[in-house]
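*Asks:* Listed below, chain by chain, are the residues.
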Amino acid sequence: MTDALLLESMAIVRVRRETSDTFTFDLDARPRGGFRFAPGQFNMLYAFGLGEVPISISGDPLKPAVLTHTIRAVGPTTRALEALKKGDPVGVRGPFGTPWPVDQALGKDVIVVAGGIGLAPLRPAIYSMLSRRQVFGKLCIAYGARTPADILYDKEIEKWRGRIDVDLEVTVDRGDPDWRGHTGVVTGLLRRFELDAERTVAMLCGPEVMMRFAARELESLGVPAACIYLSMERNMKCGVGSCGHCQLGPSFVCKDGPVYPLTKVEPLMSVREL
Amino acid sequence: MNPESLARSLAQHPFCKDLTQAQVEFLAGCAKNARYDAGEYLVREGSLADALFLVRSGSVAIESHIPGRGSVKVDTLGPGDIIGWSVLLPPFRWHLDARALAATVVFCLDANCLRGKVQADHSFGYAFTLQLLAAASQRLTHARLQQLDVYKAELR
Ligand SMILES: Cc1cc2nc3c(=O)[nH]c(=O)nc-3n(C[C@H](O)[C@H](O)[C@H](O)COP(=O)(O)OP(=O)(O)OC[C@H]3O[C@@H](n4cnc5c(N)ncnc54)[C@H](O)[C@@H]3O)c2cc1C
Ligand code: FES
Chain A
12 MTDALLLESM AIVRVRRETS DTFTFDLDAR PRGGFRFAPG QFNMLYAFGL GEVPISISGD
72 PLKPAVLTHT IRAVGPTTRA LEALKKGDPV GVRGPFGTPW PVDQALGKDV IVVAGGIGLA
132 PLRPAIYSML SRRQVFGKLC IAYGARTPAD ILYDKEIEKW RGRIDVDLEV TVDRGDPDWR
192 GHTGVVTGLL RRFELDAERT VAMLCGPEVM MRFAARELES LGVPAACIYL SMERNMKCGV
252 GSCGHCQLGP SFVCKDGPVY PLTKVEPLMS VREL
Chain B
70 MNPESLARSL AQHPFCKDLT QAQVEFLAGC AKNARYDAGE YLVREGSLAD ALFLVRSGSV
130 AIESHIPGRG SVKVDTLGPG DIIGWSVLLP PFRWHLDARA LAATVVFCLD ANCLRGKVQA
190 DHSFGYAFTL QLLAAASQRL THARLQQLDV YKAELR
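Residue numbers (the numbering used here), protein chains in the order written: chain A, 12 to 285; chain B, 70 to 225.
Because the hints were derived from the structure by calculation, they are not lab data. Check each hint, because a few of them may be wrong.
[As the list claims (entries may be wrong)] Using 27 Å as the maximum straight-line C-alpha spacing, the simulated DSS-like pairs for lysine-lysine come out as follows:
(1) A:Lys166 / B:Lys221
(2) B:Lys221 / A:Lys248
(3) B:Lys86 / A:Lys149
When you get a sec, could you build the whole thing from the sequences and use the hints?
*Replies:* So this is what it looks like as structure tokens:
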């Protein structure tokens, strides 16, 4: 077992620009024999000398030689990570947190609802389900971004859209004159999918208010609250349940989350960070 | 399409899911099928609201014309959605454009006929208005979320 407080240095092997403020980097995990994680888990990434931030793993769990994160530069630490180049070292602690309920979804229909950067933590779950597609029922993906220019992983999205065993819809809150796709909020897509609602597992990730609206819409379609899972975010420091920074009601997001069933988290969703 | 088969296919539309069979048959008296090619307008902003559309297949953009910016798309509707939930409300004018993005098939319900039926049979009118209200409430919820601009970065 790895020591959760131990910081490992890993080198960047590839950087990809996703949108104007979002980038993906792959870290070389070969020197440590690969990096194993469950979809939905996150790492604490340290920009040397500056600070540490929780970032979900966005790569393929079946390809442990690289450790992939997709990061939106919003403040000092994420901007420092954005400035790094191929070959630069990044401090990594993890993996931490609870995973998406991929195994609970066996034999059931699955709906993945992602908003903005929220597609990043869900991508490993999508990879995992696609790698054994036949053991799930329908696989529906609803993705909402702010504008067409903010859509993540656009080439990959087109690949998924081309599969006959995936129902995928993308929408933007604000279109532009060249945008030929759907305009409107991601919750507006959910009725389009033909799901066996009572036997559906939903995985939601995005801004909290978007998840609240989406969860309500799914419940109104008949998806049981216990089968709706959300990934929560709170400010973090230790990542291992000892500092109390990420408290959400009686739980710690770093240890008891970030993925929670709606039944656990619904009463706490409007509670601010403590 | 004869009245019986029109009523049968109308009953499949989500808008009719809480209406009784008799109510759907009553409603079918105002309905006809219509098809729009990609690019064709179902309704134009400012013109008379003379129909309620229940989308069966295809895709429809809801747009507004903004001088200097042209047509701005605010929503995209598809199978199961309705267009024209203000059909019962004066001044009976369209507030926005609706344009087919792909070949689109709809049930087109005549507005005068609908208003007459809602007046003539209040229990039908109640059930019908409840469906309109549900659709309007859902659209309003989506519009509120859209207005919140939740994906915008709050930069420090
Ligand atoms: C479990 C978990 C997984 C995450 N996964 C990812 C990921 O895959 N990719 C990614 O880009 N980001 C992810 N985040 C968010 C990321 O950790 C923050 O954006 C980061 O901590 C910001 O640090 P900063 O020093 O750059 O900016 P700060 O100065 O700390 O913050 C800049 C702005 O972002 C807001 N902010 C900071 N942290 C959060 C947060 N946790 N939730 C919402 N708003 C926040 C602040 O209010 C502020 O407005 C995740 C967070 C958690 C808790
Ligand atoms: S980050 Fe310290 S308890 Fe969760």
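*Asks:* Find the hints from earlier in the document that the structure breaks and name them by number, from lowest to highest.
*Replies:* none
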